[in-house]
Amino acid sequence: MVVPSETVIELSRWQFAATALYHFLFVPLTLGLSFILAAMETVYVTTGRVIYKEMTQFWGKLFAINFALGVATGLTMEFEFGTNWSFYSHYVGDIFGAPLAIEGLMAFFMESTFVGLMLFGWDRLSKAGHLSVTFLVALGSNLSALWILVANGFMQDPVGAAFNPVSQRMELTSFFDLLFSHDAQSKFVHTSIAGYVTGAIFVVTISAWYLSKGRHVEIARRSVRMGALFGAFSVIGVITLGDALGFVAGHAQPTKLAAMEGMWETEQAPAPLKVIAFPSDEQQRNVGPTIEIPGLAGILITHSLDKELPGIKELERRATERIRNGIPGMLALQRYRQNPDDQAALATLREHEDDLGYAMLLMRYAPDLTQATEVQIAQAARDAIPPVWLTFWSFRLMIGMAFLMLIYLIAMATYSLSKQCVAHRFLLKISIWMLPVPFLACELGWLTAELGRQPWTVYEKLPTWISASTHSAGYLYFSLIGFTLIYLVFIIIEMFLMVKFVRQGPGEHGHRPVTGGGGGIQPVLSRPVMKPEE
Amino acid sequence: MEVYIALKVLWWLLLGVLLMGLAIMVGMDMGVGTILRYVGRTDGERRVALNIIGPHWDGNQVWFILGGGAIFAAWPVIYATAFSGLYVVMLLLLWTMIIRPVGFEYRSKLPSSTWRNAWDWGLFVSGFVPMLVFGAAMGNALQGFPYHFEWNMASVYTGSFIVLFNPFAILAGLLSVSMSIYMGAAMLMNRSEGALYERSRKLLMIFGPLALVLFTAGGIWIANMQGYTLSGATQGAAANPLDPHVTVQMSRGAWLTNFRAMPVLWLLPLLTYVGVILGALAGRAGKSHLAWWLGALAWIGIMGTVGAAMFPFMMPSSTHAAQSLTVWNASSSEHTLIWMTVWTVVFVPAILAYTSWAFWVMRGKVSTQQVENDDHAY
Chain G
1 MVVPSETVIE LSRWQFAATA LYHFLFVPLT LGLSFILAAM ETVYVTTGRV
51 IYKEMTQFWG KLFAINFALG VATGLTMEFE FGTNWSFYSH YVGDIFGAPL
101 AIEGLMAFFM ESTFVGLMLF GWDRLSKAGH LSVTFLVALG SNLSALWILV
151 ANGFMQDPVG AAFNPVSQRM ELTSFFDLLF SHDAQSKFVH TSIAGYVTGA
201 IFVVTISAWY LSKGRHVEIA RRSVRMGALF GAFSVIGVIT LGDALGFVAG
251 HAQPTKLAAM EGMWETEQAP APLKVIAFPS DEQQRNVGPT IEIPGLAGIL
301 ITHSLDKELP GIKELERRAT ERIRNGIPGM LALQRYRQNP DDQAALATLR
351 EHEDDLGYAM LLMRYAPDLT QATEVQIAQA ARDAIPPVWL TFWSFRLMIG
401 MAFLMLIYLI AMATYSLSKQ CVAHRFLLKI SIWMLPVPFL ACELGWLTAE
451 LGRQPWTVYE KLPTWISAST HSAGYLYFSL IGFTLIYLVF IIIEMFLMVK
501 FVRQGPGEHG HRPVTGGGGG IQPVLSRPVM KPEE
Chain S
1 MEVYIALKVL WWLLLGVLLM GLAIMVGMDM GVGTILRYVG RTDGERRVAL
51 NIIGPHWDGN QVWFILGGGA IFAAWPVIYA TAFSGLYVVM LLLLWTMIIR
101 PVGFEYRSKL PSSTWRNAWD WGLFVSGFVP MLVFGAAMGN ALQGFPYHFE
151 WNMASVYTGS FIVLFNPFAI LAGLLSVSMS IYMGAAMLMN RSEGALYERS
201 RKLLMIFGPL ALVLFTAGGI WIANMQGYTL SGATQGAAAN PLDPHVTVQM
251 SRGAWLTNFR AMPVLWLLPL LTYVGVILGA LAGRAGKSHL AWWLGALAWI
301 GIMGTVGAAM FPFMMPSSTH AAQSLTVWNA SSSEHTLIWM TVWTVVFVPA
351 ILAYTSWAFW VMRGKVSTQQ VENDDHAY
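Chains as they are written, first to last, in the working numbering: chain G, 1 to 534; chain S, 1 to 378.
In case anyone wonders, no lab produced these hints; they're calculated from the structure.
Certain hints may be false.
[As the list claims (entries may be wrong)] With a Cα cut of at most 20 Å, we get these calculated SDA-like pairs of lysine to any residue:
id: 1; chain 1: S; residue 1: K109; chain 2: G; residue 2: M498
id: 2; chain 1: S; residue 1: K202; chain 2: S; residue 2: Y4
id: 3; chain 1: G; residue 1: K61; chain 2: G; residue 2: L136
id: 4; chain 1: G; residue 1: K61; chain 2: S; residue 2: S108
id: 5; chain 1: S; residue 1: K109; chain 2: G; residue 2: W122
id: 6; chain 1: S; residue 1: K109; chain 2: G; residue 2: E494
id: 7; chain 1: G; residue 1: K429; chain 2: G; residue 2: R503
Using the sequences provided together with the hints, build the complete structure.
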C-alpha cells in the first residue's frame, strides 16, 4: 500500500495550519465589522445624520482592505483539502463536501455579490436599499461561518454518517444530525461572536487612538460607544458559549478535554480546575508548580458535582482496547475488498466497524496488521492523545485574553456612556495595544480546537497521518516556500495599507490630520468633545 | 436505484452548468484582466475598465468556488484524485488566482504609477494563467490522466506535471483564453466609450474568430485521438472505481461514439459556430450586449461538446483505464445528492435573480470622471 511519508505528513500539517491560521486572521474581522457597519448605517438611515454615513464609509474602507485578503486566502482553503488531504477528501467528502457547497450556494454568493453593491452602490441605491445590501453582506458572512463550522463540527464529532464498505468511505445518513450537531452549533455561535468581539475591538481601539491624538473626535467618539457596547455584550457571549463548547467537548471528545485541562489521572468528581500547570508530554504528568481551584473543572464541564472525567492515562488504556478491537475489522475489510461476496468478512467488519479508525492509527506502525506487535500497539495508543502542553496553554491563553478584553470593553463602554468625557487618558493610551489581542485569541481558539482533535482529522474515525495525499516531499517544500513568499508579501502590503488609511482617518469630514501628535490628548480631555481641532 | 441513476446524471448536468457559469462569468473578468494593459493606455482608461467589472468580479468568482464545492460534495473521488494528482498545476492556478482579489482592491489605493503598473501586470497574470490552466485541464481530461487506486481507494498519481502542458492541452487552453478575451471585451464595450470601447471592439473581432479556429482544430484532433469506451458498469451501484466487472476500451475516434448514436448532439458544436459568428457580427455593429449573450451561448456549446463527447467519462485513467472515473462510479451517495439537489433548487434561482439585479443596479457607462470622483472606486 502506498502511504504518505512521515515528512509529507508533517509538512502537510504545517502547511494546512499555516494557511488556515493566516486565513483566520481576516475572517473574524469580516464577521464582526460587517455587523458594526450595518449598525452604523442603520443609525444613519433612521436619524438621517450624515456623520454616521461617514463612519460607515470610513470603516467600510478598512473592511474592504481586510475582505480582499479574506477572499484570496479562502480560495487556498477550498483547494487544500483536495491537493494535500486527498484521502481525507475521498473518505469523508460525501459528508464534508456538502456544507462547503451549500456555503457557496447560500452564503458566499450572497456576501460576494452584495459586497460589490455595498462598496460601489452608494449613489445607485436608495438609503434603505443600500442599508439592506449592507445587512445582506453581514448575513452572508455569518451564514458562511455557519456552514464552515458545520463542516468542522463533523471533524470534531462525526454524527449523521456511516461507513460504506462498497465505496470504502463514510457516507451521509442524516443531514439533520449533521446540521444540528451540538459541536457545530455551539462552535458556530462561539466563533461568530468571537468575530463580533474582534470587530468591536478593532473599531474601539483605533477610535481610541484618534481620541488620544485629538483627531476625528466626532466620528471616533461615536465609534467607541457603538463598538464598546456591541463588544461588551459579545465578549460576555463568547465566554458563556465557550463554556457551552467545553460542555459539548466533554461529551464528544474526552481526549481533547483531558488535554485542555492537563488531567493525566482520573480525578475524584468534581475535578479541580488547573489555572496554571506545566504538562510534560514526555513524562505524562504535570511538572513544576500547579495552581488549582478545587471542584471547578468538574462543575464547568459536566455541569454536575458527581460525574467523573477520565484522565489521559485512562483514555490511553481505552484506546489500546479499541485498537485491538479494530484489527479484525480492518482485516475483514481487506478481505471484503478482495472478494465482495465474502459474507463472513462483511459480518466481522460490521461487528468491529466503530474501531476501524483505531486500526488505521496502528497501520502507521504496522502496515501489515497481522504482524502487529505489542510495542506497536502501545505506540499507536500513545498517539491517541493530543499534544497536551500545547493544547493546555493555547486554551489558557485564549481564556486569559477573553477576560482581558472583557475588562477593557466594559471600561470603555462605561466611560463612553458617562457624561464627563470620552474616556480616561490612561485607557486611551493603552488602547492601541489591545488591538492584536482578539486576533491572537481567535488563533489560539483554532489551535485549541484543532490540536486538541489530534491525532484525528475526523475524531476516532480517520487519523491525520493517513489523510494526507501521497506526494513526494519535494512537492511539499515547493508549495510551502511558495505560500510563505506570497503570503508574506500580501501581509506586508495589507498592513501597510491598513496603517496608511488608519493614519489618514476619515477624510470627508474635513478634519485635517494632525501631525506630530504631541500633547494631542489635552484638548480632548479639557473640554467636552464638540469641536476638537479649531 | 433508478432515482440514484437519475441523480447522478442530474449532478453531471449541474456540474456542467456550474462550469459554464465559471467559464462565462469568471472568464469575462479574467479576460478583462488579460487585456487590461492593451485596452487601457492611460491610468484613467485602466481604472474605467476595472470599475466596469469592479462591483461584480467578487460575486462572479463564487461560480469558481461553487464549482469546487460542488465537485467536492457531488463527486468527492474526482475532487480528491484530480486536485492532488495535478498538485503543481493546481498551485499555479491558485497562486495566480489569489492575486486577483488583492489586485482589484489594492491597485488604486496608492497614486504611485510603479505600484499601479505592478498590479496591472498582476491582474494580467491572474487573468491569463488561470484561463489557460482551465482550458488545459479540459484538454487533459479528454486525453486521460495517469493515476490509479490502492485497495483502500487512496489515489496514486504517476505522471509528471510537465506532461500536462502537451500540445492538445495548450490548444484547449488558448481556446479558453480567446473566449475569455471575447467575453471581457464585450463587457467592456457594454459600459465604456471612446478609445477603450474601440480597442475592446477590435479585440472582440480578433479573438472571436480565433476561438472558432482553435475550436475547429480541437474538434478535428478529438475525432482522431484515443477515446474511451465503457462497458460492464452498474449504473445505480454505490461509487466504487475498483469494480472488477468494469472494462474500458481505448480506441481512436471513440470520443465520437455518442455523436454517432445521437446525431442531435451535433447541435452543440453548431451552437458555438452560430454564437461566435453572429457574436462577432453583432460586435462589429456595436451591439455589444447581444455579442455578450451570443458569446455565452458559444461557451455553452464548447463545454457541451466536451461533455457530450466524454459522457459517461469524467476523468479517464490513461494507465489503468478500468479505474477511470465516470458518472456511475464517482458520485456521492444518494442521500447526499438528494440534499444537494434540494439546496440547489432553492438557491440557484435566488442567485440568478440577485446577480441580475446587481448588474441592473450598476448598469450604464462608466467614465473616467466618475471613477476619479468616487472615493470607493478601484
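Against the structure, the hints come out as follows:
no., hint, result
1, S:K109 with G:M498, "holds, 11 Å"
2, S:K202 with S:Y4, "violated, 49 Å"
3, G:K61 with G:L136, "holds, 17 Å"
4, G:K61 with S:S108, "holds, 13 Å"
5, S:K109 with G:W122, "holds, 19 Å"
6, S:K109 with G:E494, "holds, 11 Å"
7, G:K429 with G:R503, "holds, 16 Å"
Checked against the numbered hints given earlier, the structure breaks only hint 2 and satisfies all the rest.
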